[in-house]
Amino acid sequence: MNALEIRNLVKRFGGLTATNDLSFDLAQGESLGLIGPNGAGKTTVFSQIMGELKQTSGTITFMGREISGLSTPDRIARGISRTYQVPRPFTDLSVRENIRVGLMPDSLRAMIFGTVDRAREDEIAHSVGFATTDLDRPASELAMGDLRKLEFARTLATGAKVLLLDEVFAGLTTGEIAMIAELIQDLRGRGFTFLMVSHDLPAMEPLIDRAIAIERGTLLADGSFKDVLANAEVRASYLGEA
Amino acid sequence: MPGLAQTLFITASGAGMNLRPHHFILWALFIAGMLLMPELVGRGTLRTMVFACYLAIFAISWDILSGRTGYISFGHPFLVGIGAYTTAILTRRYGFPVEASIPIAVLVTMFGGLIVLLPALRIKGSYFALVTLAVMELMYQLVPVVRPDLTGGTRGISRLPALTRGAENGYYLAVCLMLAVALFAWLLMRTRLGTALWAIGQNEESVRGSGLSTTRLKSFAFLVSAAIAGLGGAFYAHYLGTITPRAFFDINVLFQIIVAVLIGGAGTILGPIIGAFFMVFLLEWLRPFLPGQERFFVYGAIALLIYMYQPKGIMAIIESGITRLRGART
Ligand SMILES: Nc1ncnc2c1ncn2[C@@H]1O[C@H](COP(=O)(O)OP(=O)(O)O)[C@@H](O)[C@H]1O
Ligand SMILES: [Mg+2]
Chain R
0 MNALEIRNLV KRFGGLTATN DLSFDLAQGE SLGLIGPNGA GKTTVFSQIM
50 GELKQTSGTI TFMGREISGL STPDRIARGI SRTYQVPRPF TDLSVRENIR
100 VGLMPDSLRA MIFGTVDRAR EDEIAHSVGF ATTDLDRPAS ELAMGDLRKL
150 EFARTLATGA KVLLLDEVFA GLTTGEIAMI AELIQDLRGR GFTFLMVSHD
200 LPAMEPLIDR AIAIERGTLL ADGSFKDVLA NAEVRASYLG EA
Chain G
0 MPGLAQTLFI TASGAGMNLR PHHFILWALF IAGMLLMPEL VGRGTLRTMV
50 FACYLAIFAI SWDILSGRTG YISFGHPFLV GIGAYTTAIL TRRYGFPVEA
100 SIPIAVLVTM FGGLIVLLPA LRIKGSYFAL VTLAVMELMY QLVPVVRPDL
150 TGGTRGISRL PALTRGAENG YYLAVCLMLA VALFAWLLMR TRLGTALWAI
200 GQNEESVRGS GLSTTRLKSF AFLVSAAIAG LGGAFYAHYL GTITPRAFFD
250 INVLFQIIVA VLIGGAGTIL GPIIGAFFMV FLLEWLRPFL PGQERFFVYG
300 AIALLIYMYQ PKGIMAIIES GITRLRGART
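Quick note, the sequences are listed as chains R and G, same order.
End of the first sequence sits at 241 in numbering that gives the first Met the number 0; the numbers just go up one at a time, nothing left out.
End of the second sequence sits at 329 in numbering that gives the first Met the number 0; the numbers just go up one at a time, nothing left out.
If we strip away everything but chain R, and leave its shape as in the complex, we get (with noise of 0.2 angstroms):
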């Protein structure tokens, strides 16, 4: 079964067509890459297939369901959550509290009567890397390279199975996107599904079974990795830029 499936989706900004009559698959436990120039439009379908923001036109089916009409929060209860190209922490908040409210069940009763899982927030948090005395630091004393970890932890504590990364390792050092590398490894061994955003193609590659590129919201090649690397609009288009 898909996991997603996009057809025909269109979104415009007044003049601007920032994904263009774009369609393709997510199959339940493939890892997908998403490539394209800055600007290309990669964000933009982030945002579309979350419900942040609404497709001019087109469908979004997650697990056999069109969701369009869906809020975010009732997507993600569905399974699917995503990270942000630009960390948006709780900054007040620690480690431990940041991944306690994507932890947190959508219903005021849980929130007021239920209690904490303090050893699930341990576990989500080490996953990603974090040690023991960082749980309490508050989040705006992170560098760029825990707030990317503690945005994977708090997509990843929402219980969704397919996760959609925008940039998660962009201004991560060689040491932690081994690790990062190493945990979508490990959560792809147990059946989650990934829709993921790089410039760091080497980084990359290893992680995912397919690929599809776009330029100005238009796909230009949907296949292997490096079947996808070898057209020539995309040569065109991305490499030529780099």
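Hint data in this document are derived by calculation from the structure and do not stem from the laboratory.
Where is the CB? At the ideal position from N, CA and C, for every residue including glycine.
Hints should not be assumed to be uniformly reliable.
Restraint-style ranges between C-beta atoms, simulated for each label pair [unchecked claim]: (1) R:Ile111 - G:Leu113: 15 to 25 angstroms; (2) R:Gly190 - G:Ser319: 40 to 50 angstroms; (3) R:Asn1 - G:Leu129: 39 to 49 angstroms; (4) G:Leu182 - R:Arg117: 22 to 32 angstroms; (5) G:Leu281 - R:Asp199: 54 to 64 angstroms; (6) R:Asp20 - G:Pro102: 57 to 67 angstroms; (7) R:Phe12 - G:Pro310: 28 to 38 angstroms; (8) R:Thr58 - G:Tyr308: 51 to 61 angstroms; (9) R:Arg117 - G:Arg215: 23 to 33 angstroms; (10) G:Leu117 - R:Thr58: 24 to 34 angstroms; (11) G:Ala31 - R:Gly190: 53 to 63 angstroms.
So, partial list: chain R residues that the calculated Cβ filter (under 10 angstroms) puts toward chain G [to be verified]: (12) Gly101; (13) Leu102; (14) Pro104; (15) Val115.
Using the hints, position chain G with the ligands against chain R.
Leaving out everything else, chain G with the ligands in the frame of chain R:
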């Protein structure tokens, strides 16, 4: 129990504070001091303290919504006013006993706030502030003219039944009500709901992106805030005995509530209380020198000074003072 400490004393660093004995000691001293007060001070001071207690209740109410979520309400005097007017009209015009009129006043405040202000919560913060301000002004204009037979017009309603006899009992009632409200707010804010509200104030998009329906959370915070405002307003009305539109739907009331929270420390429980007492006593001391409205100017200036020195308020100043003291000892 880090949640407990965080709820009470979110400080400059904000997160990860562990519960320290001095938190308990501060609270114990505070409560003991409050209860012993009638032995120590005169009638006039006691009366000032009653005003401070009610202001503290309104400040806690405001902080639950605005201090946490960042949705600044300019409409809290309106909520307090609904509570006060409802119990006044029910007791004086329809002969309700206070046991019935006060709970009804709380419900009417929640309901009234719901209809008028809740739609505004769906829009962004600055618009929310404007809409709430407009509603308060509207009430000030409307209350005297719509059904003056009920509201008493500009002269208001007088001879409300008293809840207590004697200055001391009025004081104890106000203190107990304030402590009960503080305890309730503290228990609620140390739950995950409190964390979520605090998170909304920092990045609402990200809270939605974490799977939480922020409109529902904000509405809930609003209803709790309105209930406390209505409860405080109703008790306050019976304490005063006479209510007028000027005493509630007034920009100065709003100003006092917000400044009390800001200088005391938003997002804490003790902060709004300290802020309220600071404000009321400051105003009282300034009265002989500055009898008119210009007192509020001095007030604003002092609030601004504290804010410039420590944006998180007096609570954070006390916290860092204690930390420094401990550092000096060891
Ligand atoms: N909210 C918006 N309003 C107007 N234009 C936008 C908005 N968001 C993105 N865009 C434009 O859409 C295009 C695609 O942006 P984006 O999806 O962020 O690209 P990418 O993530 O591939 O770098 C860019 O030209 C960008 O300027
Ligand atoms: Mg982007």
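Next on the checklist: Tell me the numbers of any earlier hints that the structure contravenes, in ascending order.
Outcome noted: Violated hints: none; all satisfied.
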